[in-house]
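Novice: Construct the complete structure from the given sequences, taking the supplied hints into account.
Heads up: the sequence lines are chains X and R, in that order.
Per my numbering: the first sequence = residues 2 to 393.
Per my numbering: the second sequence = residues 2 to 393.
Just so you know, the hints here were simulated from the structure itself, not pulled from any lab data.
Remember, it's a predicted structure, so these values are computed and weren't measured experimentally.
Warning: the hint list may mix true and false statements.
Same chains, same names: a pair is fine if it fits in one copy or spans any two.
What the hints assert, rightly or not - Derived lysine to aspartate or glutamate pairs resembling EDC-like cross-links, with alpha carbons at most 16 Å apart: (1) Lys-231 x Glu-179; (2) Lys-28 x Glu-59; (3) Lys-29 x Glu-129.
Protein chains: 2
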Amino acid sequence: MDNFVFYSPTFFAFGRETEREAGQLIKKFGGSKVLVHYGGGSVVRSGLLERVKTSLTEFGLAFVELGGVKPNPRSGLVYEGIALCKKEGVDFVLAVGGGSAIDSAKAIAAGAIYDGDFWDYYQGKRIEEALPVGTVLTIAAAGSEGSESSVITNEDGMYKRGAGGSAIRPKFSILNPELTQTLPAYQTACGITDIFAHLYERYMTNTKHVEVTDRLLEGLMQTLVQEAPKVIADPDNYEARANIMWAGMMAHNNSCGVGRSQDWASHDIEHELSATYDVAHGAGLAVTMPAVMTYNVDHNVMRFAQAAVRVWGCQMDFENPKNTALAGIQAFRNFLKLIGMPQNFAELGAKAEDIDQMAQTACYGDARKGSLGGFVSLNKEDVSNIYKLMLE
Amino acid sequence: MDNFVFYSPTFFAFGRETEREAGQLIKKFGGSKVLVHYGGGSVVRSGLLERVKTSLTEFGLAFVELGGVKPNPRSGLVYEGIALCKKEGVDFVLAVGGGSAIDSAKAIAAGAIYDGDFWDYYQGKRIEEALPVGTVLTIAAAGSEGSESSVITNEDGMYKRGAGGSAIRPKFSILNPELTQTLPAYQTACGITDIFAHLYERYMTNTKHVEVTDRLLEGLMQTLVQEAPKVIADPDNYEARANIMWAGMMAHNNSCGVGRSQDWASHDIEHELSATYDVAHGAGLAVTMPAVMTYNVDHNVMRFAQAAVRVWGCQMDFENPKNTALAGIQAFRNFLKLIGMPQNFAELGAKAEDIDQMAQTACYGDARKGSLGGFVSLNKEDVSNIYKLMLE
Chain X
2 MDNFVFYSPT
12 FFAFGRETER
22 EAGQLIKKFG
32 GSKVLVHYGG
42 GSVVRSGLLE
52 RVKTSLTEFG
62 LAFVELGGVK
72 PNPRSGLVYE
82 GIALCKKEGV
92 DFVLAVGGGS
102 AIDSAKAIAA
112 GAIYDGDFWD
122 YYQGKRIEEA
132 LPVGTVLTIA
142 AAGSEGSESS
152 VITNEDGMYK
162 RGAGGSAIRP
172 KFSILNPELT
182 QTLPAYQTAC
192 GITDIFAHLY
202 ERYMTNTKHV
212 EVTDRLLEGL
222 MQTLVQEAPK
232 VIADPDNYEA
242 RANIMWAGMM
252 AHNNSCGVGR
262 SQDWASHDIE
272 HELSATYDVA
282 HGAGLAVTMP
292 AVMTYNVDHN
302 VMRFAQAAVR
312 VWGCQMDFEN
322 PKNTALAGIQ
332 AFRNFLKLIG
342 MPQNFAELGA
352 KAEDIDQMAQ
362 TACYGDARKG
372 SLGGFVSLNK
382 EDVSNIYKLM
392 LE
Chain R
2 MDNFVFYSPT
12 FFAFGRETER
22 EAGQLIKKFG
32 GSKVLVHYGG
42 GSVVRSGLLE
52 RVKTSLTEFG
62 LAFVELGGVK
72 PNPRSGLVYE
82 GIALCKKEGV
92 DFVLAVGGGS
102 AIDSAKAIAA
112 GAIYDGDFWD
122 YYQGKRIEEA
132 LPVGTVLTIA
142 AAGSEGSESS
152 VITNEDGMYK
162 RGAGGSAIRP
172 KFSILNPELT
182 QTLPAYQTAC
192 GITDIFAHLY
202 ERYMTNTKHV
212 EVTDRLLEGL
222 MQTLVQEAPK
232 VIADPDNYEA
242 RANIMWAGMM
252 AHNNSCGVGR
262 SQDWASHDIE
272 HELSATYDVA
282 HGAGLAVTMP
292 AVMTYNVDHN
302 VMRFAQAAVR
312 VWGCQMDFEN
322 PKNTALAGIQ
332 AFRNFLKLIG
342 MPQNFAELGA
352 KAEDIDQMAQ
362 TACYGDARKG
372 SLGGFVSLNK
382 EDVSNIYKLM
392 LE
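Specialist: Okay, here's the thing in structure tokens:
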């Protein structure tokens, strides 16, 4: 196990009706003038936004609003939010929504007190200072409610990049599983796939002797395997929603990923798909992950076999462990199909002729240096080959 | 799943040589005049105390020392520490040691800025204010390095009681597995047993639909099952020590126990043993837990069967699940024996003639109301019967 630091000072309020605590929590963490940042549509229609604003008013908090966040959140709205914060003297940013609203809120919070261009942070500069951020989460997926990272799509070229720093870790996050019950099955499944990716990206490690984090990651994966079909069959299943929601936070606050190298190749390879075709990140990951795993399987057959046995209940083939490793990848693919995720480029609406450009951007785009991946170092040719595996 | 809040703002520095960061971390969390609180013996002999003090000096921190903490830490030393803090104007308490040093430090930190008797907190008053606490951990066991609780033995009657409150959650904890390599096998095993207890106390729940926390608890138990024999066989196995150390923290910061009722009967029943005979808490738990489980098995056979199958690898007896449930308890008992823990009253040095008094104190002692346990409510007769199960 490697040396590490772990620091997750987010206050989580979890359960029914907890969105009513938004005002109280902002007050507790020192806010007085709030930017309420959200997408639109369902947050407004469901009355959630109104309930949150009522809570803010109840605690004497002034606020301004900025809606319009889209999936794969864009740099343009971030600039708009930063300008609004500066103009209005905002001292707290509240995201109401999913990972997109939260990531956009984090970018605004960092940019609002930074003299330079906020995009500097998305080119590798650590975020050391930001306005405090709180969240009211509406989908179990990105884990941004408990993480110190943010991913934004730069509209000047349409590519996604991530930034990080403990300053943007939310001061509080409100997790009410009821709020996720209105999500369509497809979005729910995209979220579950994203959670799975956060687990597999950590699971694919070259660090030896990491039994404790392996077991925790496996436990979270098993939770998804068991609970996901329940919510797809019955969107109103509060209990299954609750289990998935806590799994989503635990998958990404890094308590289960400490002290080990991690991969993140699937995320980097997928980001070109969602940036190019504006598909849901989870849907892109559903196509990308099995391809990355298949491409990398020989790098450490026993690691894939371990997941196959412990997570997917495959029988160990002691004569030929690779059979087990491949059976585990196939079981994962079957699971993704079962919950309604796309399986290949065609179902995603992606095109073979874009592969070269995407591989080029993934490996050499903004601030990249020719390779990606912490488990296997993948160059442009590898990435192209992985995209090609997704054609079938 | 029940509604819950979760807040674990402790900064963890984990790995080799991290004790050298003590001074820097105290500074980061606002300390200037430090009480260094420890036991004695090994902390001094190993040079750890010197290294920590060097780090404090390096960062310009003034400090006073108070050693002498014993296992099952006593109220007398707490009063002494409180007086010392007041006299010297201490603004930060650093524990160097195991759960006893940390729990004693927490009590001192709370008492140092409280006008009343610190024991009020151990009779049920929540700790809302305390001096900041930091820890340098020397044994994987109590989980106090990441928890908001403290257990102290009142010398006026020799009984143990717990207190809690987020104010005593450590600001930082330094976890260097190397520091645990010098522990004798017996103490190591006591620590592992204590960690197991923190997992089983949470696992024994009456809350339905808690798959995510079940899986996390099971994952941590599986880690102990796999890693414990390695450190008993080879005390210098850094990697196994590291896995157990992180498991010990995760077992008790409650990230894996949220949203569910918990038991804690074994702890309450054991506390009378360690208070009466001054045995190690872990050794007492090794004798207590299987007895409590056996006594409670009919309350929820399937819960015990689940642990038997998932943690202990027992075959499920679908015709008679109780066989599986009991096989799991026996497997746990075998594990405890394997790592060198006592199995009954005789091996613990406890006496049958004290049972009535211990059951009386456990159920009716200071601030108790006649019963204990969150899984099955146990009255004095039940507790007596459980102690009697430990005779064999």
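Novice: Against the structure, test the hints numbered earlier, and report the numbers of the ones violated in rising order.
Specialist: Result: no hint breaks.
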